[in-house]
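Trainee: Read off the chains here:
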Amino acid sequence: MAKGESSKTGPKLTRRQMLRTGALAGASLTLAGPATAAVREMPESWDEEVDVVVIGTGFSGLAAAFEAAKAGADVALLEKMRTPGGNSIINGGYLSVAGSPRQAEQGIEDSSELLLQDMLKAGQGLNHVELARTVAEQSASTLTWTIDEVGVEYGGMTQLGGHAVPRSYTTAAGSGSGIVVPLLERLGELGVTPRTGTLLKHLIRDDDGRVKGVMVHDRYRFPDEASGTPKTIMARKAVILATGGFGNDVAFRQLQDPRLTEDLDTTNQPGATGEAIREALRIGCVNVQPSWIQLGPWGSPDERGFGVAPYFVIGVSALNGLMVDTQTGKRFVNELADRKTRSDAIIATGNKAIVFCDAPGLAKAAESPSVKLDRLFETEVLTEYATLQDMAAAHDIPLEALQATIDDFNAAVDAGEDLEFGRYMPDDQLKTGEAPFYAVRVAPKIHHTMGGLGINADAQALDLASNAPIPGLYAAGEVTGGVHGASRLGSCAIADCLVFGRIAGRNAAAEPNWA
Amino acid sequence: MDGQQKHRRLLRLCLVTITLALLAVFVAGPQASPPRSEPVLTFGLWSGHTHFGVALADGNHPVLGGHHPVLGGKEWPRQLSGGGPTPQTHGNLSVWQGTGRHPVIEASVTGQNPLHDCASCHEGDAVLSETHPPTAGMSMNDCRACHVPDGPLSLEGKLSLSHTHILSGVGCAACHENTDPPEDPGTALCLACHGPLETLAAKTADVSPTNPHESPHGPPFAECSLCHLQHEPSENFCSTCHDFNFNLP
Ligand SMILES: Cc1cc2nc3c(=O)[nH]c(=O)nc-3n(C[C@H](O)[C@H](O)[C@H](O)COP(=O)(O)OP(=O)(O)OC[C@H]3O[C@@H](n4cnc5c(N)ncnc54)[C@H](O)[C@@H]3O)c2cc1C
Chain U
15 MAKGESSKTG PKLTRRQMLR TGALAGASLT LAGPATAAVR EMPESWDEEV DVVVIGTGFS
75 GLAAAFEAAK AGADVALLEK MRTPGGNSII NGGYLSVAGS PRQAEQGIED SSELLLQDML
135 KAGQGLNHVE LARTVAEQSA STLTWTIDEV GVEYGGMTQL GGHAVPRSYT TAAGSGSGIV
195 VPLLERLGEL GVTPRTGTLL KHLIRDDDGR VKGVMVHDRY RFPDEASGTP KTIMARKAVI
255 LATGGFGNDV AFRQLQDPRL TEDLDTTNQP GATGEAIREA LRIGCVNVQP SWIQLGPWGS
315 PDERGFGVAP YFVIGVSALN GLMVDTQTGK RFVNELADRK TRSDAIIATG NKAIVFCDAP
375 GLAKAAESPS VKLDRLFETE VLTEYATLQD MAAAHDIPLE ALQATIDDFN AAVDAGEDLE
435 FGRYMPDDQL KTGEAPFYAV RVAPKIHHTM GGLGINADAQ ALDLASNAPI PGLYAAGEVT
495 GGVHGASRLG SCAIADCLVF GRIAGRNAAA EPNWA
Chain G
49 MDGQQKHRRL LRLCLVTITL ALLAVFVAGP QASPPRSEPV LTFGLWSGHT HFGVALADGN
109 HPVLGGHHPV LGGKEWPRQL SGGGPTPQTH GNLSVWQGTG RHPVIEASVT GQNPLHDCAS
169 CHEGDAVLSE THPPTAGMSM NDCRACHVPD GPLSLEGKLS LSHTHILSGV GCAACHENTD
229 PPEDPGTALC LACHGPLETL AAKTADVSPT NPHESPHGPP FAECSLCHLQ HEPSENFCST
289 CHDFNFNLP
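Protein chains in written order, with our numbering: chain U, 15 to 529; chain G, 49 to 297.
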């Protein structure tokens with residue numbers, strides 16, 4: 015702390031008047047180059063100099079750091095939390111790939127165009143098509159990269175809501191750690207170690223419009239914003255923002271969607287907050303579609319956060335079971351619809367919904383290497399019922415209506431088509447109704463922030479005033495907006511983060527050295 | 049800033065105290081040390097909670113043995129002074145939260161035998177009851193003769209882990225190559241004595257609701273110092289996101 019006070023950079027980095035910024039921005043609009051002017055003075059000297067500063071250690075930051083370091087850049091990889099990995103390391107480990115080897119093995123026809131159409135459908139057409147297309151087209155080569163260069167091991171491949179065909183790989187580890195951990199290892203081999211406890215405080219943008227470095231708080235202790243020692247790091251080539259979403263920032267998310275009060279649980283890590291986005295906006299980035307915030311339809315009110323319920327809902331009941339409104343005993347939505355459709359439908363029941371499967375349904379799911387049933391049974395989230403009557407009684411479901419729902423579904427399986435809700439029916443679709451039954455209560459939780467900083471397909475951050483790229487600033491992953499439009503499809507975030515993280519890393523390393 | 053000044057004051061005070069103490073207190077001469085033993089991990093139920101503890105059960109450091117890197121071949125003083133032990137419950141003995149240099153640590157760095165005399169630092173704090181026998185020369189093992197780890201007088205949670213280490217003969221230089229400022233020594237160093245991680249995980253396999261040493265989030269969540277803090281009370285890092293009521297040393 016004493017060091018920070020005596021540091022030259024501290025007092026010199028005082029905030030300029032926003033008025034002045036506006037005036038300069040206006041003036042520079044007449045120039046050919048990027049428009050917004052500096053809003054923070056350049057330090058007289060920098061505490062450290064590197065080629066590329068990467069902020070955030072999730073999929074996007076790690077992929078960016080990997081590509082930049084591989085291209086020979088000297089990389090500083092910063093992370094504010096005590097552990098690296100952000101939401102990525104706690105994530106479910108589902109990665110969507112169009113045209114994968116596993117699909118070929120199983121005779122499933124798919125294409126990047128089909129994946130793109132699925133993304134646009136779920137995104138209600140709000141997606142920035144060029145960005146979404148980039149993700150879809152590079153999903154297969156990215157999978158290959160994770161296997162060949164990073165050393166990721168995968169378990170199975172499954173069908174997720176909103177996808178026309180099964181295309182989602184699952185990591186053998188059963189979570190995003192199966193990608194983050196080997197990426198950290200490869201980065202270690204390249205000499206890049208995440209500096210945890212380092213908060214991005216300010217992006218430093220010069221009068222010529224270029225982002226030239228950052229001011230951070232070293233030895234920061236989340237969530238104390240004032241903790242740590244101020245320090246400046248020059249980025250000779252570029253800064254890459256990969257700070258993730260803001261699902262756990264109650265104030266910022268309520269600015270975007272006032273309904274998302276602190277009463278709503280979230281699947282996000284505690285550090286999924288918006289200060290880095292606010293800073294980016296302050297230096298002239300543009301905010302794209304920030305109020306599209308996704309609720310995960312597979313959360314359970316019987317546990318905190320992401321927990322284990324999603325593994326049952328996604329891996330078991332959505333494929334081999336049903337979701338019913340406990341008040342009516344009836345299905346109310348396609349169990350494999352996209353997240354927004356399902357979350358909205360569950361909320362419309364007043365969060366009075368359960369998902370369930372029967373004994374053969376559970377047994378079939380257990381065959382998949384990626385369904386971790388043992389963890390489910392260790393908790394009180396999943397309950398086994400000896401009979402249908404027991405399950406109905408426990409959740410106050412009208413038994414006859416529930417039985418009728420099961421009979422209707424089984425008839426649809428016979429017919430090979432779900433006329434009521436249009437659910438995907440594979441040839442080996444199981445019927446349901448054989449005791450014992452397994453059930454989980456569901457209540458949507460805040461999961462993903464689709465909106466964020468505007469970027470182009472080269473992962474360059476766009477300038478609010480000119481819509482041109484901001485020199486020296488890249489952004490990738492959940493901190494950006496546009497790829498997913500109104501609703502992100504499950505397993506498309508990993509693809510998005512890895513694809514754009516790698517693009518950002520490669521392009522940043524190729525930037526000229528301004529210094 | 050405030051805290052730093054306080055620590056510096058405390059440090060000065062303690063340095064004076066320890067100098068005086070060195071002159072005044074009888075220091076037990078070298079004695080034969082007991083045979084080397086592995087760091088023992090203790091597990092058991094305490095206050096109705098599942099409890100797991102990690103501590104060196106022997107005053108003799110398993111790697112360093114009687115040969116402290118700084119002290120060279122000198123043996124630790126291992127004499128129980130005073131009369132028969134009269135176990136009393138400690139007051140708040142986890143109060144020291146300095147970032148400055150602790151006098152006992154200072155002694156271990158400079159090569160002087162640490163006295164293990166609680167009163168030499170905690171003079172005004174009355175951390176020991178009046179009837180507690182003098183602690184000068186005691187090792188952690190001696191403490192545990194009365195303060196049985198899982199018993200009602202257990203020191204777990206009352207004595208900071210840095211103290212447990214010091215009293216077990218693991219001085220500050222054993223963990224911190226640089227002491228000014230001391231850096232986090234890193235998990236590999238902890239595991240050199242307490243590991244490997246698989247062994248730790250096996251010992252906490254039955255902890256409910258899940259094994260704290262086997263996080264599904266991988267090695268980044270198996271860093272010892274996320275939970276087991278030495279110079280301030282330990283924290284249950286998992287509880288940042290999960291309802292896991294681990295009781296930890
Ligand atoms: C529980 C859960 C399960 C999921 N499952 C899946 C799935 O199976 N498949 C899928 O495709 N998607 C899934 N998602 C979504 C996906 O994991 C995220 O969108 C993705 O991890 C975001 O990656 P990122 O690199 O953009 O950000 P993150 O992984 O969140 O990393 C951003 C990092 O930046 C750090 N940071 C933030 N601000 C600052 C600052 N000011 N200074 C320094 N550092 C900062 C954060 O602490 C964080 O570590 C899941 C999300 C969650 C929460």
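Incorrect hints may have been included.
What the hints assert, rightly or not - Calculated from the model, a selection of chain U residues having no Cβ within reach of chain G, i.e. all distances over 10 Å:
id, residue
1, Val194
2, Glu317
3, Asp472
Stated by the list, open to error - Restricting the straight-line Cα-Cα distance to at most 25 Å, the calculated cross-link-like pairs of lysine to any residue (SDA-like) are:
id, chain 1, residue 1, chain 2, residue 2
4, U, Lys386, U, Glu203
5, U, Lys386, G, Cys286
6, G, Lys251, U, Ala407
7, U, Lys366, U, Gly430
8, U, Lys366, U, Glu317
9, U, Lys366, G, Asp291
10, U, Lys386, G, Glu246
These are computed hints drawn from the structure, not numbers from a lab.
Since we're looking at a predicted model, the values are computed, not measured.
We put the beta carbon where it would ideally sit given N, CA and C, even for glycine.
Trainee: Decide, hint by hint, whether the structure agrees.
Mentor: Each hint, compared with the structure:
| no. | hint | in the structure |
| --- | --- | --- |
| 1 | Val194 | violated, 7 Å |
| 2 | Glu317 | violated, 7 Å |
| 3 | Asp472 | holds, 30 Å |
| 4 | U:Lys386 to U:Glu203 | violated, 31 Å |
| 5 | U:Lys386 to G:Cys286 | holds, 20 Å |
| 6 | G:Lys251 to U:Ala407 | violated, 41 Å |
| 7 | U:Lys366 to U:Gly430 | violated, 29 Å |
| 8 | U:Lys366 to U:Glu317 | holds, 16 Å |
| 9 | U:Lys366 to G:Asp291 | holds, 24 Å |
| 10 | U:Lys386 to G:Glu246 | holds, 21 Å |
Figure legend: structure checked against the earlier numbered hints; hints not met, in rising order: 1, 2, 4, 6, 7.
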